[in-house]
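J.: Here's the letter readout for the chains.
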Amino acid sequence: MGLPERESPVGKRVSLFVTCMVDMIYPNTGMSVVRLLEAAGVEVDFPMGQTCCGQPAFNSGYRDEARTVARQFLRAFANAEVIVIPSGSCAAMVRHEYPTLFSDEPEWHERAVRAASITWEFTEFMVEGLGLAELGLKLPTPRKYAVHDACHGLRILGLGKSGRVLLDAVENLDLVSLKDADVCCGFGGLFSVKMPAVSDAMLGEKIACIEACEADDIVTGDVSCLTQMNGGLSRRKSAKRVRHVADVLAEGLQETTDA
Amino acid sequence: MHNDARNFVALSDVAIADADLRSAVALATTRAYDKRMVALFEHSPAYGEAIRQQAAEAKRRALRNLPDLLEKAESSLTANGFHVSWAIDAAEARQRVLDIIRQHQGRLISKSKSMLTEEIGLNAALEAADLQVIETDLGEFIIQLNNEPPSHIIAPVIHKTKAQIRDIFVRELNMTPTDDAGEMVAFARQTLREYFVGADVGISGANFIIAETGSLCLVMNEGNGRMCTSLPNVHIALVGIEKVIETLEDYATLDQVLTRSGTGQKLTVYTNIINGPRRGGESDGPEHVHVIFVDNGRSDVYATKYAEALACIRCGACQNACPVYRNVGGHSYGWVYGGPIGAVLTPLLEGLENAAPLPHASSLCGSCKQVCPVDIDLPRMLLDLRADLVDEKVDNRWQMGLKGWALTMQSPMRYELGAQAARLGQRVVGTDNLPGVLGNWTKYRDFPGFAPKSFRQMWRERERSHRKEQPS
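Protein sequences, first through last, are from chains A and B.
For the first sequence, the residue numbers in my numbering are 1 to 259.
For the second sequence, the residue numbers in my numbering are 1 to 472.
Fair warning: there could be bad hints in the mix.
Straight-line C-alpha distance at most 27 Å; calculated BS3-like pairs for lysine-lysine [what the hints assert, rightly or not]: (1) K468/B to K453/B; (2) K453/B to K179/A; (3) K237/A to K468/B; (4) K179/A to K240/A.
Per label pair, the in silico range of CB-to-CB distance [claimed, not checked]: (5) A208/A to D284/B: 50 to 56 Å; (6) K144/A to L424/B: 37 to 43 Å; (7) D99/B to G204/A: 33 to 39 Å.
Interface residues of chain A toward chain B, partial, derived using beta-carbon atoms under 10 Å [claimed, not checked]: (8) V34; (9) D168; (10) V193.
In case anyone wonders, no lab produced these hints; they're calculated from the structure.
Built from N, CA and C at the ideal position, the CB exists for glycine as well.
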């Protein structure tokens with residue numbers, strides 16, 4: 001199943017879907033996204049009607065419940081010109097799953113297809129959408145980072161290298177490689193609580209790679225995977241942490257603005 | 001074969017605690033995965049992807065015409081001198097094999113690797129009929145000695161370390177202890193040789209049946225299958241009905257992706273295209289070759305939206321790529337097929353209620369679809385099976401909880417109240433031991449806690465201060 005075609009988002013107002021996890025747990029990450037978008041000259045709007053994309057129910061097989069929540073998303077973003085989401089997983093839910101989720105409801109299907117065709121993951125929006133590879137960013141102090149490719153962004157959205165492209169252009173940021181960067185961290189949404197031991201075994205492998213990596217910290221594009229990895233790093237008393245790509249980039253912004 | 005798929009969680013707990021198993025599986029799957037990447041993409045990424053899509057199309061074309069193709073295969077095989085018969089289920093398949101063996105007074109059976117024979121529990125039936133059956137694939141031979149089923153589609157003993165295999169040979173066959181893999185293999189070869197020579201019936205599966213030419217195709221690296229299919233006077237091949245493909249050209253395509261995906265080889269050491277029994281004037285080969293087409297639930301799958309699962313060519317690439325399989329091994333899945341394809345096939349062939357945990361035994365990372373040589377959308381099927389579990393009320397224990405959750409998420413106001421309640425609750429219970437099912441999170445991982453102020457609160461404040469700054 002292919003993903004819907006998108007028009008160029010250049011010059012359009014962005015409606016930010018911040019995701020429920022960012023809203024409740026990582027609000028500063030949401031603010032980092034806003035600052036980066038605004039620094040790129042984009043007008044940002046935050047529709048107050050937004051809650052969650054519905055993925056927890058969808059991935060567990062509860063399609064009616066997923067539709068209930070997805071309808072709220074579609075209502076909240078009915079007037080959006082462009083939707084940007086700082087999560088490959090939630091963006092994949094909208095882009096890849098919404099149209100089929102509503103295949104039996106013509107009116108909602110139309111709205112779902114429209115949403116799917118104006119939605120971008122954050123780094124993808126910057127690099128592919130706006131054509132901005134270079135944001136003119138500089139970290140306050142030199143730091144080594146490595147990227148963990150979150151699965152849904154990588155394999156459903158086909159994000160490729162957009163996160164790395166943005167990070168690579170940041171001054172004072174040394175991008176190094178992480179072994180098995182494209183192997184799942186074991187989060188998998190409710191999988192992490194339904195099969196916690198399996199999830200933890202997968203996490204253990206990921207953490208071994210992170211510990212062996214020469215980076216100071218790891219960067220990823222999804223706060224869900226980040227929560228899993230940091231939960232494990234913290235439990236294992238590691239000094240390393242995983243950070244959202246927008247937070248790392250926005251740190252460079254601060255320096256640029258202050259200078 | 002006995003089905004223990006309902007116990008996935010308990011079985012995987014045992015596997016995760018088994019350091020030997022995890023290191024053996026991790027080593028072998030990683031190696032196979034890496035070799036596949038080289039073999040499939042060494043020309044260019046585009047070539048690898050193109051041949052993968054060509055293979056996917058060949059297999060889908062065959063599936064679309066399956067009923068006709070089976071009839072065509074029956075007549076072309078028969079014209080080549082094969083005896084063709086059909087078995088609707090495992091019991092009938094076992095009976096057919098026993099009938100053929102009795103008809104030829106067979107006693108010693110040499111067997112080449114076949115997952116279908118595992119599926120129908122053939123060895124137990126043969127042994128119950130006082131026949132001696134010897135698995136001749138090295139991996140299968142080892143696990144037969146150790147009385148356990150295969151744990152991987154093409155590498156049956158992937159879950160054992162070299163030291164464990166040494167101990168099995170010493171214990172069961174009085175091998176002089178050695179840690180040299182070459183010596184161990186030589187010892188197994190020596191032991192197997194007399195069975196190859198003495199067997200009066202050989203049993204194999206099939207990788208493909210070519211309808212156009214009436215051929216039975218078998219790929220292998222050890223040559224044991226060639227011994228089983230050429231030395232005894234009778235050869236019986238058990239073939240799932242989904243194994244039929246249209247043309248020799250399709251075979252050329254599919255064989256390329258099968259070997260590259262399975263073992264990272266451009267070609268296996270042995271490629272057998274068997275076109276019937278020994279003919280007049282030929283000095284060797286079996287006089288009788290039987291092909292038994294086995295359904296065993298496949299027609300039922302064919303009639304559903306999961307028909308695409310029948311495109312599987314049993315290469316094992318999804319097992320090698322799956323981070324769940326890599327950590328829990330094949331036996332955790334409780335039935336013949338482990339890994340992502342097993343999580344799909346077991347519920348389909350054995351019944352959803354007999355494999356309820358399996359569709360959930362995946363983080364939906366998508367690696368399985370990415371590596372599948374015929375591009376089966378395994379994550380989609382796992383999602384659909386999860387929906388079936390709920391719709392058919394096989395496992396809908398989260399219904400009430402998620403209904404309540406959906407009701408909350410449906411309304412921004414209720415959502416915000418819920419988030420506030422969660423923040424308050426966190427002050428009371430802390431974040432070290434989350435309540436309910438979330439306790440499964442904090443059992444293994446720390447939870448960062450909810451932020452004191454949500455993004456939407458921060459946004460509102462920001463909007464207010466902007467309005468103050470720029471009165472309109």
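J.: Each hint needs a verdict: does it hold in this structure or not?
T.: Hint by hint, here is what the structure shows:
no., hint, result
1, K468/B to K453/B, "21 Å, holds"
2, K453/B to K179/A, "36 Å, violated"
3, K237/A to K468/B, "45 Å, violated"
4, K179/A to K240/A, "15 Å, holds"
5, A208/A to D284/B: 50 to 56 Å, "53 Å, holds"
6, K144/A to L424/B: 37 to 43 Å, "40 Å, holds"
7, D99/B to G204/A: 33 to 39 Å, "51 Å, violated"
8, V34, "8 Å, holds"
9, D168, "21 Å, violated"
10, V193, "4 Å, holds"
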